[in-house]
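All chains, please: the whole structure from these sequences, using the hints.
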Amino acid sequence: MSEHHITPLRTYLIIAASLLFLSGVTVWVSYIDLGSFNIVLAMLVATVKASLVAFFFMHLLWDDKKNLTMFLMSLMFFGIFVTITMLDTAFRGDLGLNPETKDPINKRAAFYDTLPLTDTHGHPVDEHSDEHHEDKDHH
Amino acid sequence: MGHHNPDSPSHLKHYFYDVNQQYETSKFAMWAFILTEVLTFAGLFVAYIVYRSWYPDMFVDAHKLLDVNKGLMNTIVLITSSLTMALAIWAIQKNNKKLSVVMLVATFIFALVFLGIKYLEYSHKFEVGQLPGEFYSYMGPDAAHLNNPHIFFSIYFIMTGLHGLHVAIGMGLIAWLIYSTQKGNLTSEYYTPMEMIGIFWHLVDLIWIYLFPLFYLIG
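These protein sequence lines map, in sequence, to chains V and S.
In terms of our numbering, the first sequence opens at residue 1 and continues consecutively.
In terms of our numbering, the second sequence opens at residue 1001 and continues consecutively.
Honestly, the hints are just simulated from the structure, not real lab data.
As the structure is a computational prediction, the values presented were derived from the model and not from experiment.
Heads up, the beta-carbon is just placed ideally off N, CA and C, and yes, glycines get one too.
All clues stand as given, with none of them false.
With the Cβ distance kept under 8 Å, some of the chain V side facing chain S (calculated, not the full set): (1) 7; (2) 49; (3) 53; (4) 70.
Pairs of lysine to any residue, SDA-like flavour, derived with a Cα cap of 25 Å: (5) 1027(S) / 68(V); (6) 65(V) / 1015(S); (7) 65(V) / 1033(S); (8) 1027(S) / 6(V); (9) 66(V) / 1026(S); (10) 65(V) / 1027(S); (11) 1027(S) / 64(V); (12) 66(V) / 1192(S); (13) 65(V) / 1016(S); (14) 1027(S) / 5(V); (15) 1013(S) / 5(V); (16) 1064(S) / 35(V); (17) 1064(S) / 25(V); (18) 65(V) / 1022(S); (19) 1118(S) / 25(V); (20) 65(V) / 1196(S); (21) 1064(S) / 28(V); (22) 1094(S) / 13(V); (23) 1013(S) / 64(V); (24) 1064(S) / 34(V).
Dropping the structure here:
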């Protein structure tokens, strides 16, 4: 097996140092309010870190490319999974099926027995009024 | 009967042409397993994405109940354990059995530290009732205005729990590697199991790299 690539020690140390540095960066930027860009930046840093792990620690950079293909395929299927699911869940509000207006999920937790029900923005919700589904009451 | 060359090493199975084909086959199969692992976690990540898009405020509010310092500490521990795992393979490639065992033991200890910190986090949440679904009962002063924190904690416990299970399984595999390497079963000629368990261990690190910002560092 002498033909196996042996990664130099220096490479491993540099990669580990970069990963630790990027972990610090991602914590630091999370305290700066960038609005919706926070999550984009956090995922970007995480993806850079994940790539370093996959290419260097998991040796994908030096491996036969069939292994990288297999890994990228799993990410592709994940993308399809997310996209098709979101095509459903992201547009339920348009149909009046949004769970936060239809059926508040906070009914079940024990501590809500002592609290008024609220919607996701903290506004009180009256359990008995259901103006979004008046059409159903007319039957 | 066999096409075996009498000089071929004992670890070469008769159904492989040579050691390199055997090694490449093992590695490809390992990556097929990694694909199934990614897809297992994918289902949970989709649950996370769907609920976060439905209840963005819930995630922002409830994540404040998590301890960023413990999360960061676990990130550092896991990255370091990934390094020691990579160095264990590097050492065995150089036929340095002693260093390889030391690095494997270090990896095992870091994994134990990770689970220890996770245990502290979990036991605190069990104590105060920051639990999934209907078991949620936390009513502290910082919880009065929270929206649906029990949904957040359902996703938190399932995702970090499955990840923690992977850490525990990884520890068992690493313990076996320590035994095999110490015994001299793994050498620079044949270290396939260490390489494969290494890939598994790095996947555990890779998943945590996403879990950490998604749970502990929300805007």
